[in-house]
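Visitor: One-letter residues, chain by chain:
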Amino acid sequence: MPPKSISRRRFISLIAIASALPTLAAAKAFGYTYSWHGTLMGTKAQLTFYGASQQPAIEITRTCLNEVRRLENIFSLYQARSELSKLNRSGVLTAPSQDMRQLLANCQHLHLVSKGNFDPSIQPLWALRTNWLSKHPQRADPPLALIAQTKALIGFDKIQLEETRIELGDAQALTLNGIAQGYITDRVTALLRRAGWSNILVNMGEYYAIGPKSKGSPFKLQLANSSQSLALENQALASSSGSGFVFPSSNGRPTHLINPKTGQSPRLWKTIHVRHPRAVIADGLSTSFCSMNAAQIASCLCHFPDASVWAQVNNGQIKRLHAAQNQPTNGSKHAAVRRAIANPNITPLLTASP
Amino acid sequence: MGQAIVRFLVAVCVIILHGLVVRPAMAVERPQSNALDTKQTRSFFSSTPDELSLRPVQRQPPAMKVFQRGKPLGYVFSTFDVSGSLGFSGKPIDIHVGLTLDGHIAGAQMVRHQEPILVLGISPKALADFVAGFKGFDIRTRLIPGKPVAALPDAVSGASVSSGVIRDSIIRSARNVAIAHGLFAKTARAQKIDRTSYTPKDWTTLRNEGAIVRKKITMGEVNKAFDAPPGRKPERPFIDLYTSLLTPPSIGQNLLKRRQYNEAISRSGVGDNLLMIAANGFYSFRGRAWKKAGFFDRIEIIQGTKTIQLKKAGYQLISELQAAGAPEFREIALFSLPRDTGFDPTRKWQLRLLVARGESGAIQQIKTFLIEYQLPAKYIIKPQGEPDTNSLSEAPELWIEFWVTQKFKIAVLALMLMVLTIILFFQDARVSRKSRYLKVRGGFLIVTLLFLGFYASAQLSVLNVITFIHSLLGGFRWELFLLNPLVFVLWGFVAVALLFWGRGVYCGWLCPFGALQELLNMVARFFNIRQINVPWGLHERLWPLKYILFLAILAVSLNWMGKAYLLAEAEPFKTVIILKFMREWPFVLYAVALLVAGLFIERFYCRYLCPLGAALAIPARLRMFEWLKRRRQCGRECRICASRCTVQAIHPMGNINPNECIYCLRCQMNYYDATTCRALKDRARRRSARSTTLPPAPLTKGPPDAP
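Chains A and B supply the protein sequences, listed in that same order.
FYI, our numbering numbers position 163 of the first sequence as 163, with every residue one higher than the one before it.
FYI, our numbering numbers position 381 of the second sequence as 381, with every residue one higher than the one before it.
Be careful, since some hints might not be right.
As the list claims (entries may be wrong) - No more than 20 angstroms apart at the CA atoms, straight line, and that leaves these computed lysine to aspartate or glutamate pairs for EDC-like:
{"hint": "1", "chain 1": "B", "residue 1": "Lys-367", "chain 2": "A", "residue 2": "Glu-67"}
{"hint": "2", "chain 1": "B", "residue 1": "Lys-71", "chain 2": "A", "residue 2": "Glu-67"}
{"hint": "3", "chain 1": "B", "residue 1": "Lys-216", "chain 2": "B", "residue 2": "Asp-102"}
As the list claims (entries may be wrong) - Just the calculated beta-carbon pair ranges, DEER-fashion:
{"hint": "4", "chain 1": "B", "residue 1": "Asp-102", "chain 2": "A", "residue 2": "Gln-228", "range": "49 to 59 angstroms"}
{"hint": "5", "chain 1": "A", "residue 1": "Gln-55", "chain 2": "B", "residue 2": "Lys-306", "range": "21 to 31 angstroms"}
{"hint": "6", "chain 1": "A", "residue 1": "Asn-314", "chain 2": "B", "residue 2": "Gln-68", "range": "47 to 57 angstroms"}
{"hint": "7", "chain 1": "A", "residue 1": "Gln-55", "chain 2": "B", "residue 2": "Pro-124", "range": "31 to 41 angstroms"}
{"hint": "8", "chain 1": "A", "residue 1": "Gln-228", "chain 2": "B", "residue 2": "Ile-193", "range": "53 to 63 angstroms"}
{"hint": "9", "chain 1": "A", "residue 1": "Pro-56", "chain 2": "B", "residue 2": "Lys-306", "range": "47 to 57 angstroms"}
{"hint": "10", "chain 1": "B", "residue 1": "Pro-124", "chain 2": "A", "residue 2": "Trp-36", "range": "55 to 65 angstroms"}
{"hint": "11", "chain 1": "A", "residue 1": "Arg-89", "chain 2": "B", "residue 2": "Ile-193", "range": "29 to 39 angstroms"}
{"hint": "12", "chain 1": "B", "residue 1": "Arg-195", "chain 2": "A", "residue 2": "Ala-80", "range": "35 to 45 angstroms"}
{"hint": "13", "chain 1": "A", "residue 1": "Thr-94", "chain 2": "B", "residue 2": "Arg-195", "range": "26 to 36 angstroms"}
{"hint": "14", "chain 1": "A", "residue 1": "Arg-267", "chain 2": "B", "residue 2": "Asp-102", "range": "50 to 60 angstroms"}
{"hint": "15", "chain 1": "B", "residue 1": "Arg-347", "chain 2": "A", "residue 2": "Trp-36", "range": "18 to 28 angstroms"}
{"hint": "16", "chain 1": "B", "residue 1": "Asp-102", "chain 2": "A", "residue 2": "Asp-157", "range": "42 to 52 angstroms"}
Just so you know, these hints were derived from the structure itself, not from any lab.
Quick reminder that beta carbons are idealized off the backbone N, C-alpha and C, glycines included.
Could you build the full structure based on these sequences and the hints that come with them?
Guide: See below:
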């Protein structure tokens, strides 16, 4: 029997469990000196220190958690006073924090290079699905007309990002849950690095390995349903799985992933793993690749020479995906982004006044 | 008469038993604390209505957290909920208190109490002012018994014990809430920043000690952060940034002109901080957007879980720094960091600089750079002498404080009681000389009236008895009675004296109002005011009035304490002794009427009306000693004592009614007075006759003869 209603938080934690299961074998790794477990942004989180003494590890963990709380106060959908909630409520956010601007700039970039397949503005579609499910537990699929109607609201390009003001399009709302986890992971990682720490496996929704596990042996994470494991050192690993959570539904079997272009759940891949030195990129790419076919992924990967992608096809086989060879990269990995930017004059906007 | 008393005793027992039975029901309807409301809270935190919200915190002791536009302001709580505060009456006292996050009282309001002195007698405004006077009090202030604290409001005059109870309820509850809700975790050991001392320092010194920190970011570094080629001159400074916290004068006053610094500091609020950012190089940390937006988008302060934006409101551009050796800067700005941002100058913070590539409104790449700042330890004052959380919870009991502060009064009272004990134990010797006895008694009564009454306000009341009975019914607490040391000592003495000699020892010697009546009557007699002799039959039938009054007060108090207080206004003690006639005219009129009646009928009030006397007379039935001596002739041959008894407690038949006797010892004086006592006079006559003619006549069996 399907659950009568699923709250967003419960839902996220389901995802968390589901996504944690396939990717890792490291959580049970032995030999760590201190490990912190908790919940952040509605997801299970973990910090595991190797080869450090315990007391300083506990202290730096406290600092990390302060930083996480600070960022939760900005990005959380569940805190009514977070910047994100304010933005969703009123459609405008004046005086955005630097973190909000930075994350949205990242989103904008990802939206562009994924050709619209990465889109945090799918929140109305998500709300439609969950509301529909709680009202019609027997018919989990909202009518197509309603989906189409809601889909018209979607579009990250309708959002105006200015230095001091962020404005959404009509009836738009953002969800930053996944990507904010990536951002938080990057922030915590940077904090730990600044404080001189190494040999830490960070899991704040995405995995990040700071340094190797010990000298000469990097962290090894095992991919889901597979004997394949991959090394992680000063890199993040993000995984998106269509099979993590499935809405109870007679047909279509929608999951927590939504293709912003169709409004449906993507079916192309079972799981996508992306490894990248920045968790926010790894997260954004793994999410958007779920809605993209191999060719699209290959093309997108041209912008991210540091990214490695593994895709598990629906029969369980895992294959590595590579950037398209014939794509002209114009000598610079940022060329495509630069071309896309409306203003052709890309000299940095550095105001030397007043 | 004895039968009547037995009946009273039975009635009292019935009432008490009734009370015991009824008690559980009373416990059920034990009044809940009045609901905390936002209106009240608003007045505490002086906030506008829509901005304020209250949220209960699931923690013991219970309190509501106050938020203003989502920002926590403090707590509100009910003292009754938090500490089950009881008044001096032993009944709940409930004060709603607002507490700021830094441990100051934001406001307090009495919502319910049943303090007799405050129910009637003290103006509600005096009480409200007293309670409201706690606003701004730092609950961490160490309270030392006997040392008045300037920051605390004075007691409501005439109600010092209740005032003390109120003060104790507020402070104790506030400390409990603060400790339980972790306020002191942050503030009790809170370090403070040195805002006063000044030492001249030059730029290099300030740089070296870390009061000014610098971060230089080159073009190459920025380009690298953006994954861009290093550019033509990567070593060129993109920005050379300096930041410093100017709040301590040794930093601020050295960097700025003295006037500039003073202005900036005085413009900012208490607890605000002053931040300086100065820079050279290609990039402006201010940008341009702030003029329109009202905040600076390129710089941000991060501390712990807080992200603090720098606002245009607290911003000021400075042209140059004063410190010797300070470099020139392209831009120098001061920012105020308001207290309500939660910025803690003693802790580490970061200044974050944002650099964006791409045009506003279009796709941007954003990078940030951090400067860490920790104010050097020399500018931080470690807390000294501030009580830590433990000592706060172990603050001395309020009653101890009262005993310490009233040492002198207690000592004088103890002396008085000693003197009285000596008088009572050696009463025969004391009364043997008439004039000396009258002087001693008059003197004692004057001390009782002036010291015990008007100075120390140690006037017992029937309400003490009621409170005692209630506390026996509902959980006895020594603290309740220890709160007023004089009354406690008095009651201790009276309890013993009751068992030894009866109620008269208190009524006749230690009751200030009784003393006043007697002294006034002495004056009246001196001016030859005619005394009215109440016919015995009427006199005897007026006695029960006071017992009825007492039982009525007791009965009413079992269910309606407030009404019992009203009924207890039959006692003029509060009007006369405690408030010294400073009261509404009906009370004054009543008291004056009683005193006037006392001019004609000595101790009119004591005889017929005093419910306290009645309350004492009932247990005094248990008394053990009969030290008042009588002769066989008393009541038969002679009724001189009966007619001279000041309260007509001597039956025409000669026996002394101990329920009515005030133990003034006048009859004993007569007993030994050869010029008054008829038996002695007869004996003397016989003796003189025998010395001439007759052989000595055998004396009647009786107490020893006079010396």
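Visitor: Is the hinted range of 31 to 41 angstroms satisfied by the C-beta distance from A:Gln-55 to B:Pro-124?
Guide: Violated, since A:Gln-55 and B:Pro-124 (Cβ atoms, about 58 angstroms apart) do not stay within the stated range.
Visitor: Does the beta carbon distance between B:Asp-102 and A:Gln-228 stay inside 49 to 59 angstroms, or does it fall outside?
Guide: 56 angstroms, holds
Visitor: Look at the Cβ atoms of A:Arg-89 and B:Ile-193 and judge whether their distance stays inside 29 to 39 angstroms.
Guide: 38 angstroms, holds
Visitor: 35 to 45 angstroms was suggested as the range; check whether the CB atoms of B:Arg-195 and A:Ala-80 agree with it.
Guide: 37 angstroms, holds
Visitor: Determine whether the Cβ-Cβ distance between A:Gln-228 and B:Ile-193 falls within the hinted range of 53 to 63 angstroms.
Guide: Given range 53 to 63 angstroms: holds, Cβ gap about 56 angstroms.
Visitor: Is it true that the CA of B:Lys-216 sits at most 20 angstroms from the CA of B:Asp-102?
Guide: Violated - the C-alpha atoms of B:Asp-102 and B:Lys-216 are around 37 angstroms apart, more than 20 angstroms.
Visitor: Taking 50 to 60 angstroms as the hint, is the beta-carbon distance of A:Arg-267 and B:Asp-102 inside that range?
Guide: Distance hint for A:Arg-267, B:Asp-102 holds at roughly 57 angstroms.
Visitor: Honestly, do A:Gln-55 and B:Lys-306 meet the 21 to 31 angstroms range at C-beta?
Guide: 25 angstroms, holds
Visitor: Just to be sure I understand the hint, the distance between the Cβ atoms of B:Arg-347 and A:Trp-36 should be within 18 to 28 angstroms; is that true here?
Guide: Since the Cβ atoms of B:Arg-347 and A:Trp-36 sit about 22 angstroms apart, the hinted range of 18 to 28 angstroms holds.
Visitor: Verify the CB-CB distance for B:Asp-102 and A:Asp-157 against the hinted window 42 to 52 angstroms.
Guide: 47 angstroms, holds
Visitor: Does B:Lys-71 pair with A:Glu-67 here, judged by a C-alpha cut-off of 20 angstroms?
Guide: Holds. B:Lys-71 to A:Glu-67 sits at ~19 angstroms (cutoff 20 angstroms).
Visitor: Please verify whether B:Lys-367 and A:Glu-67 have alpha carbons no more than 20 angstroms apart.
Guide: 18 angstroms, holds
The structure does not agree with the numbered hints 3, 7 and 9 stated previously, though it agrees with the rest.
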